[in-house]
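Here the working numbering is used: position 59 in the sequence shown is 59, and no number is missing along the way.
Everything labelled a hint here was simulated from the structure, so no lab data went into it.
The following label-pair restraints were derived from C-beta to C-beta distances: (1) N156 / Y103: 35 to 41 Å; (2) E110 / H60: 37 to 43 Å; (3) G105 / P28: 51 to 57 Å.
Fair warning: this is a prediction, and the values are worked out from it, not measured in the lab.
From the three backbone atoms N, C-alpha and C, an ideal C-beta is built for every residue, glycine too.
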Amino acid sequence: MTHSTIHNSTQYYSKYPYTNCLLISSDPTDATSKQVLLLNRQKKPWMGNWNGIGGKLESHRDSTPLIGAQREIREESGLPYPETQITDLRCCGIMEWYMMFRYQGKEKVELKDESEVNEEDVRGMYIFVGTVRPEDREKYISTPKSFDEGILDWKNVDWILDDENLGIVKNVKLALPWVLSGEADENSLFKAYFSDLNVVSEVRFVKDGLLKK
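Please build the complete structure, drawing on both the sequences and the hints.
Quick look at the structure:
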């Protein structure tokens, strides 16, 4: 089954139960500069880190990952009709999580490579990207916005990608350049390798079966 088939299926896929949406808009003070709408998380996981908008797919409400992404955007951003206010919301791949360790009793054992990770332990999320029109941004998304999930705000891409910025969820940060370049599409696969809980050591980008550098 291809990723494209999964994205458009009405079946609920428990292996990839989450969405992460990266909404992009122009900086009001500099039209040449791009910004991404991020959420500084109030709750675990990634408490206190900036992340994309998203959450868990709900099988009784979300017939497809796209519908789930639109729902999360509606609930968290304030856009009442994201299916029309975001000009090109689309899936740009799946990110899988590989926990490169396991516990034997209280002892932590590091795994040599992903072949040692049990397939049933691999989970992931759908990554979506879309553009918010400037007029809709000004009308509906007043930032910074504080609510029970955290603080919502627009952040410049250069700030997000700065090497010294340690406050961005790392797997999203490492995937963002491929997403923004347009190279990632619905058949892309990101592999995030965790050396510990919430510690990402590496993200690999695979497209058409080939590892990209």
